[in-house]
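Chains as they are written, first to last, in the numbering used here: chain A, 1 to 83; chain B, 1 to 415.
Bear in mind the hints are in silico, worked out from the structure with no lab data behind them.
Because the structure is a prediction, the values reported are computed rather than measured.
All clues given are correct.
Derived DSS-like pairs: lysine-lysine, alpha-carbon spacing no greater than 30 Å straight-line:
hint, chain 1, residue 1, chain 2, residue 2
1, B, 394, B, 407
2, B, 406, B, 312
3, B, 154, A, 46
4, B, 173, A, 52
5, B, 387, B, 312
6, B, 341, B, 398
7, B, 50, B, 387
8, B, 173, A, 51
9, B, 239, B, 292
10, B, 154, A, 81
11, B, 154, A, 52
12, B, 394, B, 25
13, A, 81, B, 173
14, B, 225, B, 207
15, A, 5, B, 173
16, B, 263, B, 154
17, B, 415, A, 5
18, A, 46, B, 197
19, B, 173, A, 6
20, B, 415, B, 25
21, B, 225, B, 387
22, B, 312, B, 404
23, A, 6, A, 46
24, A, 6, B, 415
25, A, 51, B, 207
26, A, 46, B, 207
27, B, 25, B, 387
28, B, 154, B, 272
29, A, 51, B, 154
30, B, 197, B, 239
31, A, 52, B, 207
32, A, 46, B, 173
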Amino acid sequence: MDDQKKMILDYVVREYLEEDDDTEITYDTELISGGIVDSFSMVSLKRFLEKKYNISIPDADASPEAFDTVNSISALVDRFKKA
Amino acid sequence: MAFSTTIRESYRQELNGLRAAGLYKEERFILGNQGADIEVEFPAGAAGRKVINFCANNYLGLSSHPDVVAAAREGLASHGYGMSSVRFICGTQDIHRRLEDRLTAFLGTEDTILFPSCMDANAGVFEACLGADDVMIADRLVHASIVDGMRLCKAMNDTYKHSDMNHLEEKLKEHQDKRIRLIITDGVFSMDGDIAKLDEIVALAEKYDALVFVDDSHASGFIGKTGRGTHEHCGVFGKIDIITTTLGKGLGGASGGCVSGRKEIVEMCRQKARPYLFSNTVAPMIVAGALKVLDLVFTNTERRDTLEWNTKYWRQGLAEAGFDLKQGDSPIVPVMLYNAKLAQDMARDLFAEGIYVVGFFFPVVPQGAARIRTQLSAAHTRAHLDKGLAAFRKVGAKHGILGKGKKEITEMFGK
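Bound conformation, chain A alone (with noise of 0.2 Å):
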């Protein structure tokens, strides 16, 4: 589980901070409405988890509440893992 929200929260890292951006982001940080990741760009986060997990997430569970923070993009990816 800790293994799948650190591979999570790399890919957040590595994907939407700038190189000198040393904002610190951990599993409850607000990503949406924290400003760090726009809703036009989880796009890529989206497909990165249905990749990597291999699940297929409908674009209306795809919402900015369920990819606030890593804590609760891990827990949509484990309810798409089970179905």
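Following the hints, position chain B against chain A.
Quick look at chain B alone, frame taken from chain A:
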């Protein structure tokens, strides 16, 4: 369904929420023509105040140019007020086609199609030209109208970090399985004022077999040695597949926009772009005015040269005063303040000093990146600039931020 008290109340609550969050936009009334010197009524009902305008997109100072106004007046007399039709029924005049041809020559492309605005051009072009087998890869700071246009298109969308060519290259590699890869960028980024690395973007497009789209709204008419735009500035004139731009900023400032580029792409827009198909195009008098604007910018570069000089003088003056500026070569010069309230307070104080500027903060710019965006014009004189710089020095000193950078300002005021 009736517009019930409950519905009315729900709208009011939402509007009050915007006010409480400091996101409610108040319009200020200009009493007279757009220009460097304007009289502004703000708040509504207040007496008019004479101020110098540093927040218009009137880059070439053509919004109220007598030759442009006269040409528009002649166009009104010769071609009437409106068309009462979309283009493909009976809404196209000879001057519409003439303007499209002139824009094609100016932008160095194969063909051009007018849209009611560049917002409409961006809303329509992607859906008209791309399908489910394609991918759009956009810079993360592109204009909102591009984001909207991409959302309307069935092609996959992706983004790359602002002007990060390594990240763009990663994305191009990732999407090699797609039919068309379209790289999407602004030419000049409207909030930061920096210029896209179009030379590197074109090189990557050639290497990874991609097309290039540029929105040059904040560049057409003045960026590049002869004002043709970012592609001229970056040495890739004639190599851009799709350019969108506006007639609502440097090129006269009225309204209207276009898609200019590969002949077949323009033809696809003419057949399929919904904002083009289902809306009247640019009104005849604006077309006539825009033709005059192109005459002026084609025949000499004096106005864009003045703008370039003004920009350098202004940027140097603010830097010497100790303001923290975003670096760039365009007439958009953002003064970084980081804190939203500071940006609003300083804009208000500058207005009291006779300088009209606006503070920008989240969500228009990223959290903790609040700023006052200043914009230069060829209509500014040295006296305008000196008065503006004096006011900035005075207000900057009042807030104690001169000579301070991001770290110190955020320590003083918070993010």
